[in-house]
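S.K.: Below, each chain spelled out in residue letters.
Protein chains: 2
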Amino acid sequence: MRILVQKFGGTSVAGLDRMQMVMGKVRNALNRGYKVIVVLSAMAGETNRLLEMASKWSDSPNRAELDSLVVTGEQVSISLFSMLLNDNGIKARSLLAYQIPITTNDDYGNARILHINGDRLRVLLAEYDVLVVAGFQGQTEDGRITTLGRGGSDTSAVALAAALRPDAECEIYTDVDGVYTTDPNLYGKARKLPKVAYEEMLEMASMGAKVLQIRSVEFAKKYNVPVHVRSTFSDDPGTLVTQEDSSMESVLVSGIAYDKDQARITLRKVFDRPGIAAALFGPLADAGVVVDMIIQNTSREGHTDITFTIPQKDLKETIKLMEQIQGELGATEIAYDSDVVKVSVIGVGMRNHAGVASKAFAALKNEGINILMISTSEIKITCLLEEKYGELAVRVLHDAFRLDTHDYEG
Amino acid sequence: MRILVQKFGGTSVAGLDRMQMVMGKVRNALNRGYKVIVVLSAMAGETNRLLEMASKWSDSPNRAELDSLVVTGEQVSISLFSMLLNDNGIKARSLLAYQIPITTNDDYGNARILHINGDRLRVLLAEYDVLVVAGFQGQTEDGRITTLGRGGSDTSAVALAAALRPDAECEIYTDVDGVYTTDPNLYGKARKLPKVAYEEMLEMASMGAKVLQIRSVEFAKKYNVPVHVRSTFSDDPGTLVTQEDSSMESVLVSGIAYDKDQARITLRKVFDRPGIAAALFGPLADAGVVVDMIIQNTSREGHTDITFTIPQKDLKETIKLMEQIQGELGATEIAYDSDVVKVSVIGVGMRNHAGVASKAFAALKNEGINILMISTSEIKITCLLEEKYGELAVRVLHDAFRLDTHDYEG
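Protein chains in written order, with the numbering used here: chain A, 48 to 457; chain B, 48 to 457.
Chain A with its partners taken away, still in its complex shape (with noise of 0.2 Å):
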């Protein structure tokens, strides 16, 4: 038996047109042969529409009546879809989670997910060619009602795919036809990539290019489950997110990364001694802050500056936190920037090459622009520039690692 999960987004099932443009990508998978699993959001702007709802009841709604309510939106996608399947004629049948079951921890809102009976799919995939699963939920051991987080339909299907290991295949269709080298909306050279490793696709998810959810990345790559990133819209091949090869080791550059949903904060004069670092960085991780990139300066007279950057939207709490903790720390000034912006180099070539950070930097220095902080990993350079060069910036590294014609080797 041959399976291919193939998962959907809110935006393809919003209406009957959009969901017989589904029905066609699935009935072209039958006639390849394949057993199909198709997984489901909720149609666009319904599980806002619940979330609202629910904040009109309650202030801090409880969480695992927060999950039961907001569910309901994919059990309305996959009923409707069930419904125009069997009306034209192909054997299907839609299947809540509990009916599987995917089996979760009891983390409400952002569940992991622990197991998935894929004995039972086989029996079903016996009985229907097409099973019509609702993504973004699970149960509990005690069957309670969970959700995967923002996006978990993605890790819904890529979970479905290991579970049924060896024989199938993962495609997640969305608005875009692939993983491009940037964002095309900011730069027009941007290229498409026919593959991408998993590694790489983590960082360019982290870092803004909200193609797939980042958790089901992380989990396609624990399981080592190949997925497809397609457009509903197109018949285009679109990118596939897979194990990094030897063929990808030769490219040393595969995309340039942007994300302006950045802060920065300075602590100048911290007392520089043992446990500094937790006493600051400990109350941000307790608020649930997750601060990404963190320069301390070499010390001076015992002082020394901190600067670290935090998602935008925790600016107000972050400096809240700052003031109450100032005088432990001993800081004589707290200060603060919200018009930076994140650009990052990224390939796993980058692991066995060095002089992918100097190009990059002598790049920017051309152009004359500033670098405000720098931060490396194995397959990433990264730099925090004022935020009026961030798009300047993508552009010039796209040109000067040649993107937009071939991947870059060196």
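Worth flagging that the hints you see were computed from the coordinates, not collected in a lab. Values in this document were obtained by computation on a predicted structure and should not be read as measured data. Beta carbons: idealized from backbone N, C-alpha and C, even for Gly. Some clues are possibly wrong.
[Unchecked claim] Estimated spans, in silico, between C-beta atoms of each pair:
#: 1; chain 1: A; residue 1: Glu425; chain 2: B; residue 2: Met100; range: 42 to 52 Å
#: 2; chain 1: A; residue 1: Asn78; chain 2: B; residue 2: Val337; range: 20 to 30 Å
#: 3; chain 1: B; residue 1: Glu99; chain 2: A; residue 2: Glu434; range: 22 to 32 Å
#: 4; chain 1: A; residue 1: Lys367; chain 2: B; residue 2: Gly71; range: 34 to 44 Å
With chain A's structure known, arrange chain B on it following the hints.
M.R.: For chain B alone, coordinates are given in the frame of chain A:
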């Protein structure tokens, strides 16, 4: 453990302010020492919205998928109400049918309850003070979602109380504050009955006094669950629907029912020979047309006239069916009329007492009301009248049995 099952309909959960009113009823029961099972319907209009959506997708939607779609309405209600209770310090959780489970047969759209896991409910009631259960829904033995038919939430409530005998009582909250001797909109002198027997309620419900879903009354009768019918919007004690007791037997007439959704068909000069009734009513039963009153006149010269009544909505189809078999029956004419109304005198005490029928006929005759058809059962006398006389007949009969002041005991 004393358990109170409280059911609230769509208008009682139609918004936050209404739900707060419902919460008041629940809190009241908790203060009186009960554990509470709240059964909720979908918000008013929601089930129709979902059905209309389905009808856009499909002319004849797959029935299992349709059930899976429409139950989302109740899921929204119970999640929101559980949030509200939790926010107000009441230990509560929502329960979908599969989480109990409420097991039904697989007659999608009109499923019958086979079993409810009362032990599981008792375990949950040890942990929670209030369980908020989705009405109208069940699941098949192999885990698919079913619905119990329109108004099925009444049946859910009664069945839950039955599963928790002898510890549970049942309250059904509606827009009206009880069961009346006749429709108060029809006759201002209608009086609320403190108590009514299951059998009387069945006759009244099926005759148009639509306070409770018929099946819920059948269920209550079968398992002997007393049901309190009360108003969400008052503290009035309402009406207790219960087993007939000796005090009821002395009451000859409890109420006058009225139903104008009637059409009458007459087939003239049908062959009077064995098998004719089967040939006539078989096709109607196959088409799902419920025939109510039937009259066959005595035969003349091998022919007879047959008259019967059906719901008005089935008139067109019935005439079509009659035309198809007209030749076989030998009928010379098919006459029909929808300007008719059915008025019934109901009371369990009639069983042991003559004279009720003659009193009713005399009362109608005194007002010059002509009776078109008569049908009687142990606890009911039904007259079909010209529609224009319907409301007058109700008032005349109500007065004749002096139902405005006290129970009629002959």
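S.K.: Hint says 20 to 30 Å; check whether the CB-CB distance for A/Asn78 and B/Val337 agrees.
M.R.: violated (46 Å)
S.K.: Take the C-beta atom of B/Glu99 and the C-beta atom of A/Glu434, compute their distance, and say whether it sits inside 22 to 32 Å.
M.R.: violated (48 Å)
S.K.: Within 42 to 52 Å or not, the Cβ separation of A/Glu425 and B/Met100?
M.R.: holds (50 Å)
S.K.: Determine whether the Cβ-Cβ distance between A/Lys367 and B/Gly71 falls within the hinted range of 34 to 44 Å.
M.R.: holds (39 Å)
Consistency note: the structure conflicts with the earlier hints numbered 2, 3.
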